[in-house]
Structure formats: C-alpha cells, structure tokens
Amino acid sequence: MTAALEFCAVEGGYEPGLPILRGASLAVQQGEIVALLGPNGAGKSTLVKAAAGLVPIWSGSVMLGGRDITRVPAHRMVREGLGFVPQTENVFANLSVLENLQLAAALVPKERRGSIDAMFHLFPDLARQRSLPAGRLSGGQRQMVAVARALVASPSVLMLDEPSAGLSPLLVGVVFERLKAVRETGVTILLVEQNVKAALAIADRAAVLVEGRERLVGAASDLADDGRLAGLYLGAGVH
Amino acid sequence: MLQLIADGLVVGSVISLGAVGLTLTYSILRFANFGQGEFLTWGAYLAVSALSLTLAVTGAGVMAPIEPFSFGWQLPVAMVASAALTAALALALDWALFARLRRTGSAITLVIASFGAALALRNLLQFLYGTLPEYYTREIQIAIRLVPRDTLGGLRVTPDQMLVLGVTAAAVIGLHLLLTRTTLGRAMRATAQNPALARVAGVDVEGVVRATWVIGAGLAAVAGVMAGLVGQIRPGLGFELLLPLFAAAILGGIGSVWGAVAGGLIVGLAESFSVPLFGAEYRLATAFLVLIAILLLRPRGLFGEKA
Chain A
1 MTAALEFCAV EGGYEPGLPI LRGASLAVQQ GEIVALLGPN GAGKSTLVKA
51 AAGLVPIWSG SVMLGGRDIT RVPAHRMVRE GLGFVPQTEN VFANLSVLEN
101 LQLAAALVPK ERRGSIDAMF HLFPDLARQR SLPAGRLSGG QRQMVAVARA
151 LVASPSVLML DEPSAGLSPL LVGVVFERLK AVRETGVTIL LVEQNVKAAL
201 AIADRAAVLV EGRERLVGAA SDLADDGRLA GLYLGAGVH
Chain B
1 MLQLIADGLV VGSVISLGAV GLTLTYSILR FANFGQGEFL TWGAYLAVSA
51 LSLTLAVTGA GVMAPIEPFS FGWQLPVAMV ASAALTAALA LALDWALFAR
101 LRRTGSAITL VIASFGAALA LRNLLQFLYG TLPEYYTREI QIAIRLVPRD
151 TLGGLRVTPD QMLVLGVTAA AVIGLHLLLT RTTLGRAMRA TAQNPALARV
201 AGVDVEGVVR ATWVIGAGLA AVAGVMAGLV GQIRPGLGFE LLLPLFAAAI
251 LGGIGSVWGA VAGGLIVGLA ESFSVPLFGA EYRLATAFLV LIAILLLRPR
301 GLFGEKA
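Protein chains in written order, with full-length UniProt numbering: chain A, 1 to 239; chain B, 1 to 307.
Treat the hints with caution; some may be incorrect.
[Stated by the list, open to error] Just so you have them, the derived chain B footprint on chain A, three or more residues with Cβ under 8 Å: (1) 50-59; (2) 77-83; (3) 165-178; (4) 197-206.
[What the hints assert, rightly or not] Calculated Cβ distances over 10 Å to all of chain B for the following chain A residues: (5) E15; (6) L18; (7) Q30; (8) I69; (9) R149; (10) D226.
None of these hints come from the bench; they were simulated from the model.
Think of the CB as a built atom: it goes at the ideal place given N, C-alpha and C, for glycine as much as any other residue.
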C-alpha cells in the first residue's frame, strides 16, 4: 500500500556540512496519527520542516501519496496536499481569524477548497472570534486557528510541530481532542511532540528520532510501556 | 491660515502617495528603498514622454483642456502608461539587482544598493531628458476662491490642486480595499508579517514581492505626475522629496499604509506652516522637528505596531 507520507533516508540541515537529519526514514499510512518523538535536538522539527520545503534536503526523498515532493517549493506544498502547522508564530497575527482562513482557502484550487463554515463548526470557539485579529487570541485558540488554516486547504496529510507547546494541560487536552476529530475527517496526521504521554494517547503509531535518524518505531500503545523509549530520551541506545 | 492648510495638504498628498509605496516596500521587502524618490521622478518624466507620444499619435499637437482642469484627456492616459512603465522599471531593477542581493546579502546591503541604484537612475534620467524643467501643460489656471478673504485669511485653490487631493484619496482608498478585500492584499499583509509562514500557507512570496514593486512604483509614478501637475518637472524632483517621504513613512509608523498617509499630510502641513513662521529655507527642518517631537512621544510612529 502506498504510504500517505514517506521519508526515505532523508539527509539535510540548515547549514551545508552541518547535517541535522542523518538518513531519517519513516512511513505514515493513510488515516493514521503518527507521533514523532525524541529528545531535544533530535531533528524532529527539522524533519517536518524539510518535508514542508523550509529546510534543504541534501539526499533522500519525501513522497506524498506516492508522488516525489522532495524538490517542490514550500508554497506549492499546500496545493500538493501537505499541510504544516509550525510550532510558534503559526498564525498571521494582524489578520483576523476569518482572514487567516480566507487567505488559506483562496490559495488552493476550487476543487480542493474547504468550507470555512465547516472549520467554524469543527472549532466553535473560533466562530465567535472570527473578526478578531488572530494575535489577540489565547494560545489554545491560536493553535486552533493554525490548524483550521491548514485544514481549509483540504490537505491529505497534516504535520503539526509541537501543538501543545506553551499550552496549559487543560488546553492540550482540548487541542488533542480536536486533532482526533480532524483524523475522523480522513486527514492523516504526523505529530511532532515533546509531550510524550499526550501524544501517545492519541497516536496510532509513534517513531522516536535520535540524532537525525529514527531509532524506534511501533504502535503507540506498545511504546507507552516500552522502557527503551525512556532510554532513548536519556541518551541510551536501543538494543 | 486656511490657505496654508490647503497648500500643506496638496504637498502632503504627493508625499503621502510616495510614502505609501515606501512603507509597502519596507514592510514586505524589508529594506528602506532609497530609489523610491527616483521612481517618482521617472514616473513624472515617463508621463511627459507618453503625453508627447499620445499627442503625436492622435495628431492633436496640443492638449485641449478638460474644463476646469489645465490638461486634456491625454494626461490621464499618459499617467496610466507612466505608472505601468515605472512598475516595469522597478521589476527590472529587482530582477537585475535586488532579487540577487535578497538571496545573498543583508538588509544593509540592499539599502546601500538602493542608494546606488537611485544615483544611477537619476543620472540616466538627466542623460535622457536633460536638466531643463518640463511641464505637462502651460495653461494658466485661475485659482477659485472657496472662502472669502475675511474668514481666516481666505482660501483659493486651483482645480488641479483639488484633483491632486482627490487622486490621492482615491489611490489610498483603492489600496486599502486591495489590502483588506483581496487575496493579493491578504497575501501581502501575511508576507509582511511572516514570510516563512506565508510560504507554508501557500503564498507565492516572490509573486507578492513583484506585486509590491508594481504597486509601490506605480503609486510613486502617480505621485510624480501629481507633483508635475502642480509644479515643475525636474530631475531632482524625487530626490528633493526623498527625506519627506522617509519622514512621512517613519512618522506614520513604518509598515502602515494609513500611517504613511497621515505622516505625509503632517509633513506637508509642517512644511507649509514653516514658510511664514521661519522662512521657506527651513521647511524641511521644521518637518523633521515635528517628526522628532512625535517620535519622542510615540517611538513606533502614529500607527506603528509593537514589535
């Protein structure tokens, strides 16, 4: 079966000669939520940014639904069907909530364009704040705007970089519940997270990245009880 | 009093138009473009050429004025052609110079390059057109008395001066609608705020950059034609307005369209009021004193947002 998103031996980084990704490989199947875990500096964010076209890929490839998107420019990824929600500064603060969504919707062909009303149905909080500048929303509401902005372009795969960062535990729960609802609409999700417990609770599978390579991949329920996971965070290898 | 306000608003309108282009390019391209003044001059001169061409093609010889203005229908046509040609000049400059430096240089490199480009543009213009002043029309306009002399000193304005105010208002409202009601405008605002996120959201940032050059240079050309309509067209026209343009953009809050308009009008009014108070030679100094005073009270400018 063709993977929804597949990284094949990806090597890359911000500066030539200083690789962050050292042959990372991972396949995300259609309809899955996959959590990408790992210690700080492991290359998790770099891997999703590379897929989004924001970090140069030196070798290897990224496939989206079987199509090679390795060299596709960042602004074309949305049209290809790959959505990305960065960790910080992920909304246009000076644009209203509605304008954030209108812009994202207008940038994809009509046949891919999602309904803004459907986004307000999925995130009812935002419907009430639609005229407010996104920069005046709370952290959790901003995350929802960012996710809605990505979803309105009807991506087949949605990548999120630490959506729980800076949120209270209560809001993390709300955001992750919304992500489960997003998955129910048929969107495949790749979730970069430091909050291991919360990520494993909603993920089908998880991968642990260390020093730019995947070291452990398995069912989320299995990894939750796997002692090797803690070992990798503490710097031990996998045996 | 009323006359000083009216004169200040006319000068301020020209400054506002140029400053709006400057603030747009600053917020999206992220550098202060010293070439903006030269776009204004080129716009004024290209309209002279377009006007001559239109008159030659139509065999009209001289313009028959559209009452009550001093010019015929050929000047608006020439202005549109001039705006298009000035936009093309800006795009060519971006392709040949700025696009390459954006990839490799820093903001300061771009600023210095724009200074060099401005010098080159001004000298090329002098080479092509010479240094003698030009005029769109030599029709003499009689100013209309709007307010009698015994009321605050009275007010007389020419129809051309009123047109300058009207064109500025129309251009700024048009730009406001573009920025708030269209996908291009939202993409421009998104790019100004966060280019990386704009790319992720699907915005063709290079396309937005090109659109910004077109709009900024087009507005500068319109400002140049308006300046030429109520005064002389000289090679130093844009250079002399460069400092007021920067003053207006900074005063209003760099990046803010409405701020640039307000800043332009304030600078124009300050210049106008300084003439009877301190003498014409201190016009610019007065405008800058106002700029300093406002920035001391509000360092972000009138409409600037917190960084």
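Using a Cβ cutoff of 8 Å, are there at least 3 residues of the region 77-83 of chain A near chain B, or does the coverage claim fail? holds (count 3)
For I69/A, is the shortest CB-to-CB distance to chain B above 10 Å, so the non-interface label stands? Non-interface label on I69/A holds, nearest chain B Cβ at 14 Å vs cutoff 10 Å.
Quick one: work out the minimum CB distance from L18/A to chain B and report holds if it exceeds 10 Å, violated otherwise. 19 Å, holds
Confirm or reject the coverage of the region 197-206 of chain A by chain B under the rule of 3 or more residues with a beta carbon closer than 8 Å to the chain's beta carbons. violated (count 0)
Decide, holds or violated, for the assertion that all CB atoms of chain B are farther than 10 Å from the CB of Q30/A. 22 Å, holds
Checking the smallest CB distance to chain B, is R149/A really beyond 10 Å? Not fine: 6 Å to the nearest Cβ puts R149/A too close to chain B.
Beyond 10 Å from each Cβ of chain B, as asserted for E15/A: 15 Å, holds
Cβ contact check, 8 Å cutoff: the region 165-178 of chain A against chain B, three residues minimum: Violated, because only 0 residues of the region 165-178 of chain A bring their Cβ atoms closer than 8 Å to Cβ atoms of chain B.
Three-residue Cβ test at 8 Å for the coverage of the region 50-59 of chain A by chain B: holds (count 3)
Are all C-beta atoms of chain B more than 10 Å from that of D226/A? 33 Å, holds
Checked against the numbered hints above, the structure violates hints 3, 4 and 9; every other hint is satisfied.
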